[in-house]
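Here is what each chain is made of, one letter per residue.
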Amino acid sequence: AQSVAQPEDQVNVAEGNPLTVKCTYSVSGNPYLFWYVQYPNRGLQFLLKYITGDNLVKGSYGFEAEFNKSQTSFHLKKPSALVSDSALYFCVGLRNTGNQFYFGTGTSLTVIP
Amino acid sequence: DAEITQSPRHKITETGRQVTLACHQTWNHNNMFWYRQDLGHGLRLIHYSYGVQDTNKGEVSDGYSVSRSNTEDLPLTLESAASSQTSVYFCASSGTPDQETQYFGPGTRLLVL
Chain W
1 AQSVAQPEDQ
11 VNVAEGNPLT
21 VKCTYSVSGN
31 PYLFWYVQYP
41 NRGLQFLLKY
51 ITGDNLVKGS
61 YGFEAEFNKS
71 QTSFHLKKPS
81 ALVSDSALYF
91 CVGLRNTGNQ
101 FYFGTGTSLT
111 VIP
Chain Y
114 DAEITQSPRH
124 KITETGRQVT
134 LACHQTWNHN
144 NMFWYRQDLG
154 HGLRLIHYSY
164 GVQDTNKGEV
174 SDGYSVSRSN
184 TEDLPLTLES
194 AASSQTSVYF
204 CASSGTPDQE
214 TQYFGPGTRL
224 LVL
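As you go down the protein sequences, you meet chains W and Y in turn. Counting with our numbering, you get residues 1 to 113 for the letters of the first sequence. Counting with our numbering, you get residues 114 to 226 for the letters of the second sequence.
Source of the hints: derived by calculation from the structure; they are not laboratory data. Since we're looking at a predicted model, the values are computed, not measured. Glycine included, C-beta positions come from ideal geometry on N, C-alpha and C. Among the hints, a few may not be true.
To be verified - Some residues of chain Y that are not near chain W, with every Cβ distance over 12 Å (derived):
#	residue
1	ILE125
2	ASP175
3	SER182
4	THR184
5	THR199
6	GLN212
7	THR214
8	GLN215
9	TYR216
10	LEU224
Unchecked claim - Stretch-level coverage of chain Y by chain W, calculated; a stretch enters the list once three of its residues show a Cβ under 8 Å from a Cβ in chain W:
#	region
11	131-140
12	187-193
Work the whole structure out from these sequences, hints included.
Shown next as structure tokens:
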């Protein structure tokens with residue numbers, strides 16, 4: 001079965017410290033991978049995506065993600081966390097030959113001032 | 114600016130009633146999707162459409178229906194609302210030139226009593 005996993009429900013990090021939100025995928029072929037962010041009472045907002053090419057993808061608000069095929073991971077990173085980064089983050093996979101999006105269960109990030 | 118809107122933003126209804134949630138996008142996207150978001154499940158796909166008169170069932174389609182009579186709208190109908198359908202519902206769209214990236218509406222919070 002195809003799936004995307006976010007092993008941590010909650011991540012806490014101090015403001016100014018680097019942050020990592022983990023994602024692993026089990027999507028066949030050469031999947032497309034995405035990160036979305038959801039602020040309270042809002043819809044999901046696109047952050048970044050990996051289609052092909054450079055394994056390091058840069059996105060909005062200073063976020064980046066590294067695609068690692070051997071570890072089937074797509075972790076979201078930011079060098080210096082801001083309080084305003086506190087939100088719910090979703091990792092999403094898509095088979096490059098299909099039309100089904102696979103959502104992780106989300107990771108709640110709290111940046112502590 | 115192009116956008117995707119949902120209405121109502123909040124709805125309370127009773128078990129057994131028919132409910133319709135509206136989704137309207139001005140991106141001129143061919144693809145539209147309905148998801149529900151529940152704690153511990155992330156987002157789950159209910160129905161999707163790849164164009165006018167096209168509709169497809171998603172992972173959790175039982176008790177829901179959609180119709181696509183124009184490009185801009187994909188209303189979601191709960192035929193006979195059940196308490197298990199209490200959730201937050203998100204509409205999304207995607208289209209050329211970036212078929213893979215979905216853009217989400219603000220969500221509708223539905224409570225079935």
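Cross-check of the supplied hints:
{"no.": "1", "hint": "ILE125", "result": "17 Å, holds"}
{"no.": "2", "hint": "ASP175", "result": "17 Å, holds"}
{"no.": "3", "hint": "SER182", "result": "21 Å, holds"}
{"no.": "4", "hint": "THR184", "result": "18 Å, holds"}
{"no.": "5", "hint": "THR199", "result": "16 Å, holds"}
{"no.": "6", "hint": "GLN212", "result": "10 Å, violated"}
{"no.": "7", "hint": "THR214", "result": "5 Å, violated"}
{"no.": "8", "hint": "GLN215", "result": "7 Å, violated"}
{"no.": "9", "hint": "TYR216", "result": "7 Å, violated"}
{"no.": "10", "hint": "LEU224", "result": "15 Å, holds"}
{"no.": "11", "hint": "131-140", "result": "violated (count 0)"}
{"no.": "12", "hint": "187-193", "result": "violated (count 0)"}
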